[in-house]
Amino acid sequence: MENAHATTSQVEAFYLGNFAGPSFVGQNHLAPYVAAGMGMTGIPATRFEAACASSGAAFFHAVSAVAAGLYDVILVTGVEKMTSQSTPKVTEILAGAGDLCGEVRAGATFPALFAMIARRHMYQYGTTREHLAAVAVKNHQNGAKNPLAHMRKVITMEQALSGKPISEPLTVYDCSLISDGAAAVLIAPFERASEFTDKPIRVLGISQTSDNVALDEKADITTFRAVQTSAEKAYKMAGVKPTDIQFAEVHDCFTIAEIVAIEDLGFVKKGEGGPYTLAGGTCIQGERPVNTSGGLKSKGHPVGATGVGQICDVAQQIRGEAGERQVQRNSLGLAQNLGGSGATSVVTILGAA
Amino acid sequence: MNSTLNNPGSGVVYTETVVYSPPEAYVNDVPYQLAIVELEGGRRLTGRIQGERAHIGDHVSFIEFRNQVPFFRKSA
Numbered sequence: 052m053e054n055a056h057a058t059t060s061q062v063e064a065f066y067l068g069n070f071a072g073p074s075f076v077g078q079n080h081l082a083p084y085v086a087a088g089m090g091m092t093g094i095p096a097t098r099f100e101a102a103c104a105s106s107g108a109a110f111f112h113a114v115s116a117v118a119a120g121l122y123d124v125i126l127v128t129g130v131e132k133m134t135s136q137s138t139p140k141v142t143e144i145l146a147g148a149g150d151l152c153g154e155v156r157a158g159a160t161f162p163a164l165f166a167m168i169a170r171r172h173m174y175q176y177g178t179t180r181e182h183l184a185a186v187a188v189k190n191h192q193n194g195a196k197n198p199l200a201h202m203r204k205v206i207t208m209e210q211a212l213s214g215k216p217i218s219e220p221l222t223v224y225d226c227s228l229i230s231d232g233a234a235a236v237l238i239a240p241f242e243r244a245s246e247f248t249d250k251p252i253r254v255l256g257i258s259q260t261s262d263n264v265a266l267d268e269k270a271d272i273t274t275f276r277a278v279q280t281s282a283e284k285a286y287k288m289a290g291v292k293p294t295d296i297q298f299a300e301v302h303d304c305f306t307i308a309e310i311v312a313i314e315d316l317g318f319v320k321k322g323e324g325g326p327y328t329l330a331g332g333t334c335i336q337g338e339r340p341v342n343t344s345g346g347l348k349s350k351g352h353p354v355g356a357t358g359v360g361q362i363c364d365v366a367q368q369i370r371g372e373a374g375e376r377q378v379q380r381n382s383l384g385l386a387q388n389l390g391g392s393g394a395t396s397v398v399t400i401l402g403a404a
Numbered sequence: 118m119n120s121t122l123n124n125p126g127s128g129v130v131y132t133e134t135v136v137y138s139p140p141e142a143y144v145n146d147v148p149y150q151l152a153i154v155e156l157e158g159g160r161r162l163t164g165r166i167q168g169e170r171a172h173i174g175d176h177v178s179f180i181e182f183r184n185q186v187p188f189f190r191k192s193a
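Going down the list, the protein sequences come from chains A and V. Start counting the first sequence at 52; every next residue gets the next number (my numbering). Start counting the second sequence at 118; every next residue gets the next number (my numbering).
Read the hints as simulated data drawn from the structure, not as lab findings. Keep in mind the model is a prediction, meaning the values are calculated, not measured. Misleading hints may appear alongside valid ones.
Partial list, computed: chain V residues near chain A (C-beta under 8 Å) [unchecked claim]: (1) VAL129; (2) THR132; (3) VAL144; (4) ASP146; (5) TYR149; (6) LEU151; (7) ILE153; (8) GLY159; (9) THR163; (10) GLY168; (11) GLU169.
Note that the Cβ used here is the ideal one computed from N, Cα and C, for glycine as well.
Construct all of the structure, not just a fragment, from the sequences and the given hints.
So this is what it looks like as structure tokens:
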């Protein structure tokens, strides 16, 4: 609110993305709880749940409401408090975003679901352990330079390859972090943006789409169909092509997820995500920087906060405020937020005003 | 559909993993192998592999349901 020079009395609606507050800390009815804590009552305060895309969904619906003229000013936030639970408990709560009657009952965890995606991607396209590790090494390199990152630690390729196994072929270095965190953005019609900032960011395109929850119901698990469909719609709305996107924050909940994402977003051809990453195409100095924030891998993954966090990171780059992580071509960026093993996807294209 | 639910029969491993970091309910099972099995007819089912490690493309046979979870083993 300070950054937006805004007061709570200007906020007409409060949207909160949160995946599992009731399970992690027991508190339900979170949106009015947080809004009142900030001094806001008498306005709609609503929680959005779409697994790890919860605040991406909140952002999509807030943008839709402002675009429709329903409200002028919406405060969109995302929050998750995960570290007060043991790892097996966190694993179990996160698994609630899968199909409880099938895959989860059989013993699937989220690392296991993405491990099975990785195995199939390796089988179909020749993706290697080195390709996966290259994602982790790059994102830790970026996160080490981000003062807001959870784990500001550089890792070597050797470390990434020899990590403790979590779910084969994924090691601890292929998995994002269990984090506490929050993020917030203020949305207003463009004509009013100058009331809040000298550097407004324009939402050029946005789309949310869905797909089956269970991995075994998807025709091809090496592709997130919802990412493809949401990306297509967002590109169309923005009037841009995938190759026009200069940099992106993508949903690297696991290293394989970043590889699949850059393929499904159309940055590279299917199957080329691993080699492209290993060759440096997505590093800060590369052709198309991806996850300059450190991504979910190093910046952290407080699941309900991640979608809005990505929007903040893209906005920071467009405003030229990313410090030593600043990319040179920074006028057109993309954020991709994934829920579950691909059942929800939100793709947002942001540009300088 | 019902016969598939009662006895999925045999199939081919579509993808698999070995889980080392379990959810709370399965802390005593690790490590265990999980697989998506493509059954004859094309339907896919997520279950456990018992015994010898199976890889993508391996043929597996249904053993039984335990707590509604299908268990398979690598075919001889």
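Structure versus earlier hints, numbers of those that do not hold, lowest first: 1, 8, 10 and 11
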